[in-house]
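> Protein sequences, first through last, are from chains L and P. By numbering that gives the first Met the number 0, the letter at position 260 of the first sequence is numbered 259, and the numbering carries on one by one without gaps. By numbering that gives the first Met the number 0, the letter at position 44 of the second sequence is numbered 43, and the numbering carries on one by one without gaps.
Mixed in with the good hints there might be a few duds.
Identical chains blur together in the list; that is why a pair holds if it fits in one copy or across any two.
Said to hold, decoys possible - Simulated crosslink set (DSS-like; lysine-lysine; CA at most 30 Å straight-line):
id	residue 1	residue 2
1	Lys-443	Lys-235
2	Lys-89	Lys-169
3	Lys-37	Lys-380
4	Lys-188	Lys-293
5	Lys-276	Lys-177
6	Lys-188	Lys-172
7	Lys-169	Lys-12
8	Lys-37	Lys-159
9	Lys-89	Lys-163
10	Lys-295	Lys-12
These are computed hints drawn from the structure, not numbers from a lab. Since we're looking at a predicted model, the values are computed, not measured.
There are 2 protein chains.
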Amino acid sequence: MFETAELGHTVDKAEYKDEIPKLREALLDAQFELGQKKPFPVILIVSGVNGAGKGETANTLNFWMDPRSIHSHAMGEASDEELDRPAMWKFWRRLPPRGTIGIFFGSWYSFPMREHIEGGKGQDYLDAYLDDFIRFERMLAEEGALILKFWLHLSKDNLKKRLKTLESKKETKWHVTKRDWEGVDLYDKMIPVAEHVLRRTSTAHAPWIVVEATDEKYRNLTVGRTLLKAIQGRLKDGGVKPLPLSVPVEALEHGDSRNLLASLDYTLELDKKEYAKQLELYQGRLSKLMRSPKFKDRSLICVFEGNDAAGKGGAIRRITAALDSRSYDIAPIAAPTDEEKVQPYLWRFWRKLPRTGHTTIFDRSWYGRVLVERVEGFCAKSDWLRAYGEINDFEESISRHGAIVCKFWLAITSEEQLARFNEREATGYKRFKLTDEDWRNRDKWDDYVRAVCDMVERTSSELAPWTLVEANSKYYARIKVLKTICERLEAQL
Amino acid sequence: MFETAELGHTVDKAEYKDEIPKLREALLDAQFELGQKKPFPVILIVSGVNGAGKGETANTLNFWMDPRSIHSHAMGEASDEELDRPAMWKFWRRLPPRGTIGIFFGSWYSFPMREHIEGGKGQDYLDAYLDDFIRFERMLAEEGALILKFWLHLSKDNLKKRLKTLESKKETKWHVTKRDWEGVDLYDKMIPVAEHVLRRTSTAHAPWIVVEATDEKYRNLTVGRTLLKAIQGRLKDGGVKPLPLSVPVEALEHGDSRNLLASLDYTLELDKKEYAKQLELYQGRLSKLMRSPKFKDRSLICVFEGNDAAGKGGAIRRITAALDSRSYDIAPIAAPTDEEKVQPYLWRFWRKLPRTGHTTIFDRSWYGRVLVERVEGFCAKSDWLRAYGEINDFEESISRHGAIVCKFWLAITSEEQLARFNEREATGYKRFKLTDEDWRNRDKWDDYVRAVCDMVERTSSELAPWTLVEANSKYYARIKVLKTICERLEAQL
């Protein structure tokens, strides 16, 4: 695999001097067009042999291009903030918005490769990460990203030569660290691993490009030209089209009207006295659980979805009443902000993940993709169909990191909703709660029923189960929510 | 995940009697159109709780439809033939051709799930299989297959009831085996595993469809209707389009003319006397290696690619001269047969894989996809781009099963090729070897150089390395090939 990168590719000084101004101009033009139209983000990974000039390559690109819309991320040790969240969080927060370029040197590949080469972790360990990365990059690509992964290669001899040359000059001596020489010792062990990783994770939508890095000029020119052609090509063909569907959606619909929502018992209720008693009981339990030392390494994520006027806000307030206000956040999810619109749709949820020991309550959530966006046709069929898998991956990674995920669908009957709408219209201080959109959504009741049932079927799991809450009685619903959270916490802590 | 399938879905007798004739007619129509146009194959997986009626469902579909183009495969114990080859071989050989329907009950999922649930294999073991299956199904989908995966679900209580009912009647008693009752004991252990598997492997192109199987009529009707809608929908939208490319191909081209083929030393040669001596030596070694008891559990797969007139045939004959004629096969790869054309492109190579202890020599190979098909534009860009990964997967699975894979590119210079073409034209008994196509290929020399270099870069690995053979001297080339095979075998046995 690395044979091509040991052929002694070079660029002579004169050619380099001649080419660079042309390449820079073209890159700046492409960058300008990218920034104007914002059709996609560009994600560059610069990996390779230690000492092959990853940092210099990133610096060169930064220098050549407009620094306002290209950003390099040297991923060193994780910060406290980052350690408190799933491993991919630190990459998510640095994803370039559409119209810009992000360069990662030391990417998601670094950690599991190092653990495998130096830390004694086995092949299975590495491969599990690689499969996660393939899914992650596929999601990015399907969200529109242009992904280029460079592997800068040096033969062992050339690596040694390079380190010696750097060491021999006073002004470059500081470049060479102990770690670089350790890299030489590990070289023979590293190469077959790198080969495996590149082979396994080189896909049509996120290919590895091996670049011989012996000659700096060749290396820089090749990376620059590849980047240029990739951006120009994608600008020309107008971005990503939705994937064609291989299974027609209609085929996945259920045949009869029997469904999870219809099977709930909406007459369940609780009288005021019993409610007050149980509220005190469960809020007390919850409060105690949150102060448990065991919760310090965990986090709690609650997701509230439900029919309009089903009482999400009221239920949420009964939870937060039991929490320390420094330890939780409520994330109300409305239309995405400008900043969120230029990122993959899961980005805005990643950024709101709680640190360990903390709680985030999502009032509406990532499930919007398979609910409102599906029903209203805000995204292509193929987009919401792939979302089930992406959401499962997302919840799996947050759960693996210790989050306890509770998801609630607050369900009321159509008649109950109508009564509540009418009441809201009639009551001054509640009128603001009712919008034209609520009435429009009501017209699509059956479409929502189908979307909710599919959602629960495809995303309820042991790790992150859905709880359907019969919410015609607000008292009953609030207690069921509190009780569910307490029981989940008790089981997990 | 299985909540939806415990709602007590039923279909009453009258409705069933009324619906079946209509459904059958529509299914037969769809099947007829599918068979006429042959736009895609249909792959049905029928999995689920033991005792939920997987076999009966398959039987029902067989009974409803035209049995000539629907085939059920109950995957029981592997045959000797199958045990001698990679695990997926038994599925590949049964893949339905385009225009037909294949039903697998007991699919690729069964074995690793059973090993995990009953055999004590861990989560990593299971997940590694699942990731292989995701790639496999994605490849099938991208090759055009319509894939539906049914999971027939029964609650534990209903499972017990069903077994008791069957046992209580003389005519159905034989249905119930000891294994079925073991399934009841394992039920609670199995369900979370099934949930994990379904969640992980339910993709937009190969979704799982959970069907409540308590009521046979509901089960049959749901499976039948889903199948109908899926085929009708796909017939209507005219099959699979090639995937959009997220990275433009031009960006992946190398910038300079330095390449692996240009870097070979074409002056390497061997005189006749030395050739004769070494030929004897290496054929002797090869013959001995093949008779090694250690080879009994392995197999040898040689791949020959190269420029036209580079001497592939001659090199192959020098290998087979050292082999027992009962132990090897030569597979010359020309245009696919009718039977092969209606299958995924790798199918015709899977079918030719040697049993353990045997050898297959491919004279041209699966690399046609990234060579001639790429250069001639016989397939879409996205098709040959994804092929690198698919080929790597393929070679990984055959290597893991014990195959020793040697891949040779026989390289001659353009001048040498011209001389050989001219000689062939002038020599009566060689004239048949030269076709107009050879001359046409020669005009695309540079395109082939690029394709070969990309191929080597993207598919040479420790498991299945490419050997570039300088073949201007036939003697030299033949010895290098023999020597390489001997050394690989010595290292592996």
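> If a hint holds in the structure, say so; if it does not, say that too.
Here is how each hint holds up against the structure:
Taking the closest pair of Cα atoms, Lys-443 and Lys-235 come within 30 Å of each other only across two copies (27 Å); inside a single copy the shortest separation is 39 Å, beyond that limit. Neither within a single protomer nor between protomers do Lys-89 and Lys-169 lie at most 30 Å apart by alpha-carbon distance, with minima of 36 Å and 65 Å respectively. For the homomeric pair Lys-37 and Lys-380, the shortest alpha-carbon distances inside one copy (23 Å) and between copies (25 Å) are both at most 30 Å. For the identical chains of this complex, Lys-188 and Lys-293 are inter-copy neighbours only, at 27 Å across copies versus 40 Å inside a copy, given an alpha-carbon limit of 30 Å.
Taking the closest pair of Cα atoms, Lys-276 and Lys-177 never come within 30 Å of each other, the shortest separation being 66 Å inside a single copy and 51 Å across copies. Taking the closest pair of Cα atoms, Lys-188 and Lys-172 come within 30 Å of each other only inside a single copy of the chain (26 Å); across copies the shortest separation is 61 Å, beyond that limit. Proximity of Lys-169 and Lys-12 under a CA criterion of 30 Å is satisfied intra-copy only: 24 Å inside one chain copy versus 91 Å between copies. Proximity of Lys-37 and Lys-159 under a CA criterion of 30 Å is satisfied in neither setting, with 43 Å inside one chain copy and 59 Å between copies.
With identical chains, the CA atoms of Lys-89 and Lys-163 are never at most 30 Å apart, being 35 Å at best within one copy and 55 Å at best between copies. Proximity of Lys-295 and Lys-12 under a CA criterion of 30 Å is satisfied in neither setting, with 59 Å inside one chain copy and 58 Å between copies.
Comparing the model with each numbered hint stated earlier shows that hints 2, 5, 8, 9, 10 do not hold.
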